[in-house]
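Novice: Spelled out, the chains give:
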Amino acid sequence: MSAQNPLELIQARNLLSSVSTPGMLVSGPGDVIFYNEAASALLGQRFEETGTLSAQDWVQTFGPFDDDGEPIPLERQPLTLALRANRPGHAVYVIRSAGGEERRIEASGVPIIGKDGFTGALILFWAAVEAEA
Amino acid sequence: MKVKIWGARGSVPAPGPETTRYGGNTSCVQITLDDGTVIVLDAGTGIRSLGVGMPAPAGPLHILLTHLHLDHIQGLMFFAPAFRPETEIVIWGPASPEASLQDRIARYISAPLSPIDVRELPCTVSFKEAETTEWQIGSATIRAASVTHRGPTLGYHVQCDGSSVCYIPDHEPGLGGSLADLEDEWISGFDLARDSTLLLHDCQYTDGEYPDHLGWGHSPLSDALMFARRTAVERLMLFHHDPLHSDDFLDALCGESTARWEELGGRPEQVEFATERRETQLSARPAAADGARTGSG
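These protein sequence lines are chains A and B, in that order. Numbering of the first sequence is given in the working numbering, commencing with residue 35 and proceeding in unit increments. Numbering of the second sequence is given in the working numbering, commencing with residue 1275 and proceeding in unit increments.
If you are wondering where the hints come from, they were derived from the structure by calculation, not from laboratory data. The structure displayed is predicted, hence computed values, not measured ones. Where hints are given, some of them may not hold.
[To be verified] Distance condition first, Cα-Cα at most 16 Å in a straight line; then the derived EDC-like pairs of lysine to aspartate or glutamate: (1) A/K149 to B/E1405; (2) A/K149 to B/E1403; (3) A/K149 to B/E1372; (4) B/K1402 to B/D1377; (5) B/K1278 to B/E1546.
[As the list claims (entries may be wrong)] If we take Cβ atoms under 7 Å as the criterion, some of the chain B residues that face chain A in the derived model are: (6) S1420; (7) L1449; (8) G1450; (9) G1451; (10) E1459; (11) W1460; (12) S1462; (13) F1464; (14) D1465.
Even for Gly, the Cβ is constructed at its ideal location relative to N, Cα and C.
Please model the complete structure; the sequences and the hints are all you need to start from.
Specialist: Shown next, in the form of structure tokens:
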């Protein structure tokens, strides 16, 4: 059998494909399995170019980064920890686009829980409030 | 195995002189395995005709419900075997976090919608929420999977004697993305339908009608055809006809579907519109694939 994604993730991708808010979809194991066109503009690279990214590859490429410019390990990211605990989360951090431009953003994530339990998470990105001021 | 259509209409029964050839009864399909086991897919009004004169089965009679919209359960109350004490019926359907399958069906088979209650049926009836893994009914292997529709909805795959039927009567796999462009793993129902001998699939709307019904859970012709090509099924039977589509209208749509199917690389004899009382015998599918699948996943 092919590894068809659970219907909840398919539906979530449909939603992300239809909205103008940057967002991405993370699988149960933590891989970034989709991000939408609005997120592509933020990241400077289209999903069709990157394809699925492991969590490690995502962090190394796009961040988030700490004040010293070092990638923040997954186990230290509050949003990741919340999602792993089947809880929603929100975080403010710096990401870096493929072109090297750093942006301060806010990220809101919700776990996607299907009939078989946790199947992934949907994360939306917002320009950080202080960046807009 | 044999497949017989007892109802191919969607949404609501559509009896009348303009629907005599394709039929006006709602979804119901009978599968008879080579070992004599009978499996019934959905219990729309077509199941009433199936039940008339149906001999008592040797074992339990399995009814597999895709979902609980009325056009898929309305015939349950009028299924003659359910009123015979010697009959044992097992009803399978989708799970819901809101209530058990039995409780949700009982909302229909109870007052004020029905003169009798589920518990008053003379037959022995049990309810099973469909597994996400395979299970056996007679000599057939059954698989169920959630598919894109409104509310908890399943598609079924019945495999036996070297052939298989995939039944997804209510399905909108193209919602939110182009089926021609999506990778296999992002297409609802893909694994269920893949390489089936016969696919019975939703085709409620023409492409022109679809924009006014986006998100209602049904497919336009182009998506039904593309889904079938992507999943490389051997035969496609288009199903769940809109109640407004007359015989003459469906004849014309059938002609259009054949032409478009050929444009997609298929053979004209592979596609047809489901017709009430149509019976077809399935034989084992040849091992060689025709290379119809175009996805990358």
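Novice: All hints are to be evaluated individually against the structure, with a verdict given for each.
Specialist: Verification of the supplied hints:
no.: 1; hint: A/K149 to B/E1405; verdict: 11 Å, holds
no.: 2; hint: A/K149 to B/E1403; verdict: 12 Å, holds
no.: 3; hint: A/K149 to B/E1372; verdict: 12 Å, holds
no.: 4; hint: B/K1402 to B/D1377; verdict: 12 Å, holds
no.: 5; hint: B/K1278 to B/E1546; verdict: 14 Å, holds
no.: 6; hint: S1420; verdict: 4 Å, holds
no.: 7; hint: L1449; verdict: 6 Å, holds
no.: 8; hint: G1450; verdict: 3 Å, holds
no.: 9; hint: G1451; verdict: 6 Å, holds
no.: 10; hint: E1459; verdict: 5 Å, holds
no.: 11; hint: W1460; verdict: 6 Å, holds
no.: 12; hint: S1462; verdict: 5 Å, holds
no.: 13; hint: F1464; verdict: 5 Å, holds
no.: 14; hint: D1465; verdict: 4 Å, holds
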